[in-house]
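Colleague: Just so we're aligned: the sequence shown equals residues 1 to 158 in the working numbering.
It is worth saying that the hints were derived from the structure and are not from the lab. Treat the hints with care, as some may be off.
Unchecked claim - Here are the simulated distance ranges between beta carbons:
| no. | residue 1 | residue 2 | range |
| --- | --- | --- | --- |
| 1 | Asn-42 | Asn-129 | 37 to 47 Å |
| 2 | Phe-114 | Thr-78 | 14 to 24 Å |
| 3 | Gly-58 | Gln-27 | 12 to 22 Å |
We put the beta carbon where it would ideally sit given N, CA and C, even for glycine.
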Amino acid sequence: ANDLDRTRYSDFEILNNINSAIRQLSQILIKRSAPEMIATLNVTTSVAVPAGFHSFVGQFPVWREGDQLHTAQTGAVTVRYFKYKDPLVSLADTIPFDDNYVDSIVYAALILLFNTDESSVNVESALLNAFATNLPKPKQRKDEEDSSDTSSKTSSSS
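Working from the sequences, and respecting the hints, build out all of it.
Modeller: Here you go:
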């Protein structure tokens, strides 16, 4: 951010903007159903909603009521859910994404930092849209790879 003397932006501001970028990237990747955003949890009769819970992946005999997940089934039910990546606690923490996304996180955080000096957000808004558009494609899940291999073999044999 060209603030080598550490006088323009505080560590708190930088950390806040990095965490905003992490949250935004999490939302974009969840919207794309990226496999790296999926977590699993065993749900018994009632368990607390895990930190970072966004939504269920698929259909399960489990529902959410407030801060609890419930199931009427006996025994544990393993559910998959989309989870926001954890925010950083300090600037020494590691960004919780694959290296492919680190530049995008830094880029978005810088846009947010620079926006604190401006009264118009038109340029920053356009840059954040470009950020979302230019992200690397998420990795395919193993079951998607297998089905695309099968469909390409089927179409090539026709």
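Colleague: Does each hint hold? Answer for all of them.
Modeller: We went through each hint and held it up to the structure:
no., hint, result
1, Asn-42 - Asn-129: 37 to 47 Å, "holds (39 Å)"
2, Phe-114 - Thr-78: 14 to 24 Å, "violated (44 Å)"
3, Gly-58 - Gln-27: 12 to 22 Å, "holds (19 Å)"
Of the numbered hints listed earlier, the single one contradicted by the structure is hint 2.
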